[in-house]
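Trainee: Start from chain A and add chains B and C according to the hints.
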Amino acid sequence: MKLLMEKSCEGRSLSLLGPCDVPLVQPSRTREQPPRLPQLSETELSRHYSALARRAHGVNDGFYPLGSCTMKYNPAVNEEAAALRGFTAVHPLQPLHTAAGCLEVLAETEERLCAVTGMDAFTFQPAAGAHGEFTGLLLLKAYHTHRGEGAVRNKILVPDSAHGTNPASAAMAGYQVVNLPSGPDGCVDLEALRRAVGPDTAGLMLTNPNTVGLFDKNILEITRIVHEAGGLCYYDGANLNAVMGVARPGDMGFDVVHLNLHKTFSTPHGGGGPGSGPVGCKAFLEAYLPAPRFEKKDGEWREKPCPETIGRVRGFQGNFLVVVRALTYLLMLGREGVPEAARNAVLNANYMKAGLEDLYPMAYPGLCMHEFVMSLEKLKEETGVTALDVAKALLDEGIHPPTMYFPLIVHEALMVEPTETEPKETLDEAVEALRAIYQKAKEDPAYLKACPHHAQIGRPDEVNAARHPVLRYRPEGEQG
Amino acid sequence: MGSFVPNTPAQQEEMLRKVGCEGWRDLYRDVPEEVYLKEGPDLPPGMGEQQALAHMEELADKNRVFPHIFRGAGAYAHYIPAIVGRVVRKESFLTSYTPYQAEISQGILQAIFEYQTMICELTGLDVSNASVYDGATAAAEAAALCAERRRVRVLLSEGLPPQVIETVRTYCFGSGLPVETIPLTEGVTDLGALEKALGPDAACFVMAQPNYYGMIEPAEELGQLVHKAGARYVMSCNPISLGLLPTPAQCGADLAVGEGQPLGMPLSWGGPYLGYMAATAAMMRKLPGRIVGQTRDDKGERAFVLTLQAREQHIRREKAGSNLCSNEALCALTASVYLAAQGPEGLRQTALQCCSKAHYLQKVLEEAGLEPVYQGEFFHEFLTRAPRREALLKRLEEEGYLGGLPVGEDQLLWCATEKNTREEMDRLARLVKEVLA
Amino acid sequence: MNFPSELQYSKSHEWVRRQGDTAEIGLTDYAQNELGGIVFVNLPQVGDEVTMGEALGDVESVKSVSDVYSPVSGVVSEVNEALLDTPEAINQDPYGAWLVRVEQVTGSEELLSAQEYEEHIRTEQ
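Chains A, B and C are the protein sequences, given in the same order.
All residue numbers for the first sequence refer to my numbering, where the first residue is 261 and numbers rise by one.
All residue numbers for the second sequence refer to my numbering, where the first residue is 3 and numbers rise by one.
All residue numbers for the third sequence refer to my numbering, where the first residue is 13 and numbers rise by one.
Source of the hints: derived by calculation from the structure; they are not laboratory data.
Take the hints with a grain of salt, since some may be wrong.
Unchecked claim - Taking lysine to aspartate or glutamate pairs in the DMTMM-like style, the calculated list, with each CA pair at most 20 Å apart, reads:
1. K288/B to D79/C
2. K64/B to E371/A
3. K396/B to E560/A
4. K700/A to E657/A
5. K92/B to E304/A
6. K64/B to E399/B
7. K709/A to D656/A
8. K557/A to E304/A
9. K262/A to D299/B
10. K20/B to E270/A
11. K230/B to D299/B
12. K477/A to E35/B
13. K542/A to D44/B
14. K542/A to E555/A
15. K267/A to E304/A
16. K75/C to D299/B
17. K40/B to D511/A
18. K75/C to D420/A
19. K709/A to D300/B
20. K684/A to D44/B
21. K64/B to E370/A
22. K267/A to D558/A
23. K267/A to E302/A
24. K556/A to D63/B
25. K321/B to D70/C
26. K709/A to E303/B
27. K64/B to D558/A
Next comes chain A alone, as it looks inside the complex (with noise of 0.2 Å):
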């Protein structure tokens, strides 16, 4: 389908702006032409954008089963509250006592959240997980500053089957990465632990339910020999829609915690974004916290004295439309609502790791979380037919592929969260899907290897992509 640009036609516009009611002035010295925006109708435009909405796969148009991302159903309601002129028309800069609603909804998520995970504050400021990851770091390196051992402190431990985030945020809050092998059992193995935290182990950043979607038993084993070390404990929040309202990180030893509220709380993922990475602590981190921090006093909303904060991470408050619609969510689900949605998240990825473990090999055995990793090993040595192969037939199932490839430490991974939000019928659909590929892998694995079949595209050639990035339109006859 052609390209905004290649549907440009000189001369055509929307009519937008009235005319000027006051006189001109123009800077001294400005552009040498004008930026070749498309030139286009708004029939034009509308269609386009219908045109590649029908080319994109959201929640809404199907099963979403893409591991370690949560894609639940986006409540239409929060899309409601979200579009609340007086959410949306406010400025961040008002007068606080002119924007008390929005510092409500701060205070008000707040408080929830930190009954949710065991903390005593948070601030929303962080835009996205790996933005909160970053912040939460940067409370660990205030809090040994503070101490004296900032500089001594300086090595953060993750496990090697952690996303990828966790061990670049680490580096980019200036920590030396230590890599924990995990066992075989795919938990955190307590003898390789203890051999690695020292005078010099500043955190470990550990996600529980871990990534390989299993809760680790051993937790309060594990936050004990960090704490002991003088260390502090991290939870990268990624897996919190397994456990919420069963469990609190801040029970499991954890000093501070990254959310995603576009994940756990049911804010939509946008095509890759908007997020909202909040962050929590206990009391004892609180003072490090991003400033401006507010508070209601006597009735009135100021801004809170914060000497040792590390700093502001964003401008303004974070992605506070996202929060309206994490509030949204948890006031519907409240106390019966979130726990709830954890079981069910956990009992449909057991449900369908059931239906699919006699065919396709687990790469752990035994009960999983809310989501769990098949190895496609095994099919791969008998068929050839990969991971990747599997992915691209489900896409002909008009089913999103899960997680590919990763945990890293699982060959030919496939990794499936469904979610809380799937019905039955769902799940028993893409359970047949899978096996009706694994029967036509045994007997036609070159019907696999060309799939997907009736896509948008075949497969993309993606090295030739990467050799020669051609990153943007040029008009015809330009040199890039």
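Mentor: Below, chains B and C alone, put in the same frame as chain A:
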């Protein structure tokens, strides 16, 4: 009581049996007793959709929506074409995630490719990424990617918005890069001070165009100084101003970043906003975050994919230049639709009206008794002295006017956009005059 | 697979062409085959010191990045900048597509002959 779980209790029972669990506690058998919440979470009871929305409406009503906004300082009230909202509310855009599976994500990928193209056109630079969180974090990411082994010092113009300077400082607390600020003279960056601060260990100089005080910086001269010292030049530009002002490429910038909010995003008390980021071809592989590229599929048809992924955290882990993963894709889409709706002439007119109205506003405010602080050229913001500042803002607030932002002891930072009318500005000036009388 | 006998090999799959106190370094046929389509190389700068056993740069495929270890210690005298535009040369002609030339070579790992290297690959598998 609210729930989005479709499975009925009977189905849940059946499924529990199928997975071999006796009940919910058994499903969570790996969770130790000490941390299992027997009583559930300490939350209020849930609500129906109607009650939840009513509660949110109640909160929204506690905010004041100003019909007349004359405050910018990093967030700007512009007219948003109706088509923008219509497009970005489409569910397939809203509820998809990062387009990892190119074969069913061509719509998202093409939209990002178009966005990258338009950001390149706006800035004159060669490549753009698919977005970062906001203008402040874009500046911080830019500073970080300029650092090299022997070039570590980050120089910031004091003409950058304070929230940007603070954010860059926080990022540098993490990375350990030293930060210095370069003072202003007559409202623009002091060339002499910059020249002195540059040196063989300077990584980059980051400035704002127009700057926080609305002033138009001598961007080309600054760029020449920076390059003479061998450092990188980062311009943080208001994207609307690029409808008129010389492009970052024209000014010699290595990187252009900025707050993309003016491109069709509502004020929303600060977010979601959009950090845009563009670079010269030479810096391409240092850009953080997602980038979409054009290629062909196995039938030879044009196709779009996420590319240059080996830069990113999911592959390079602790050696990655940035931890960026989720970005602001939907805001990038917003900006695309905005720019496409405006077209080149619409954007130029918008910039021209912003500039013109701000100059009119400055004139009528001066006549009403608010003297401008600087004499130099400005775009759509300017600083005035403000005697009786508190009384003034209070009176304006009563009349539905969000006046200029208080700066320093006795100054106000004003902003006008294409949305403000002459009538509105004349009335504002009368109100000011009354208070000062 | 092709392993020219006039070259020496490291266990981490680099080849070395020694001439006096300079050494040319590249990736073996085996390495390029394992990596698949190479899309980019990150090379050191001329004048950089390299140390045997330490990374001198890396090579990227679509979804992986692998360090290239220097089999020798010395100073980089030349880098093959053509590879920045045509990284596919490493896949097409691994022994022509040298990555760097190192001079003032002061030390070297114990390098393998072509025969020993082939044996090493077999045992590694």
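Trainee: The structure should be examined with respect to each hint, and the outcome stated for every one.
Mentor: Hints, one by one, checked against the model:
Straight-line distance between C-alpha atoms of K288/B and D79/C comes to about 18 Å, which keeps the hinted pair within the 20 Å bound. Restraint check for K64/B and E371/A: the C-alpha separation of about 19 Å stays at or below 20 Å, so the hint holds. With a C-alpha separation of about 16 Å, the suggested pair K396/B and E560/A falls inside the 20 Å cut-off, and the hint holds. A threshold of 20 Å between alpha carbons decides the hint, and for K700/A with E657/A the separation of about 14 Å falls inside it, so the pair holds.
Only pairs whose Cα atoms come within 20 Å are accepted, and K92/B paired with E304/A is accepted, the gap being roughly 16 Å. The hinted pair formed by K64/B and E399/B meets the criterion: a straight-line CA distance of about 15 Å does not exceed 20 Å. Restraint check: the Cα-Cα separation between K709/A and D656/A comes to about 13 Å, which is no more than 20 Å; the hinted pair holds. The suggested pairing of K557/A with E304/A is violated, with an alpha-carbon distance near 54 Å, which exceeds 20 Å.
Distance hint between K262/A and D299/B is fulfilled; the C-alpha atoms sit about 16 Å from each other, no more than 20 Å. Simply put, K20/B and E270/A have alpha-carbon atoms about 64 Å apart, too far for the 20 Å limit, and the pair is violated. Distance hint between K230/B and D299/B is unfulfilled; the C-alpha atoms sit about 45 Å from each other, more than 20 Å. Restraint check for K477/A and E35/B: the C-alpha separation of about 10 Å stays at or below 20 Å, so the hint holds.
The suggested pairing of K542/A with D44/B holds, with an alpha-carbon distance near 17 Å, which does not exceed 20 Å. Simply put, K542/A and E555/A have alpha-carbon atoms about 18 Å apart, close enough for the 20 Å limit, and the pair holds. Annotation: proposed proximity of K267/A to E304/A holds, straight-line Cα distance about 8 Å (limit 20 Å). Of the pairs offered as hints, the one joining K75/C and D299/B holds, with about 18 Å between alpha carbons and a cut-off of 20 Å not exceeded.
Taking the CA atoms of K40/B and D511/A, the gap is near 13 Å; set against the 20 Å cutoff, the hint holds. Annotation: proposed proximity of K75/C to D420/A holds, straight-line Cα distance about 17 Å (limit 20 Å). Under the criterion of a C-alpha separation no larger than 20 Å, the hint pairing K709/A with D300/B is consistent with the structure, at around 12 Å. Under the criterion of a C-alpha separation no larger than 20 Å, the hint pairing K684/A with D44/B is inconsistent with the structure, at around 30 Å.
At most 20 Å may separate the alpha-carbon atoms for a hinted pair to count; K64/B and E370/A meet this at roughly 18 Å. At roughly 59 Å between alpha-carbon atoms, K267/A and D558/A are farther apart than 20 Å, so this suggested pair is violated. The straight-line distance between the Cα atoms of K267/A and E302/A is roughly 12 Å, inside the 20 Å bound, and the hint therefore holds. Proximity of K556/A to D63/B is assessed by CA-CA distance (about 18 Å); at most 20 Å being required, the pair is judged to hold.
Proposed proximity of K321/B and D70/C is supported: the alpha carbons are some 11 Å apart, at most 20 Å. Of the pairs offered as hints, the one joining K709/A and E303/B holds, with about 19 Å between alpha carbons and a cut-off of 20 Å not exceeded. A threshold of 20 Å between alpha carbons decides the hint, and for K64/B with D558/A the separation of about 17 Å falls inside it, so the pair holds.
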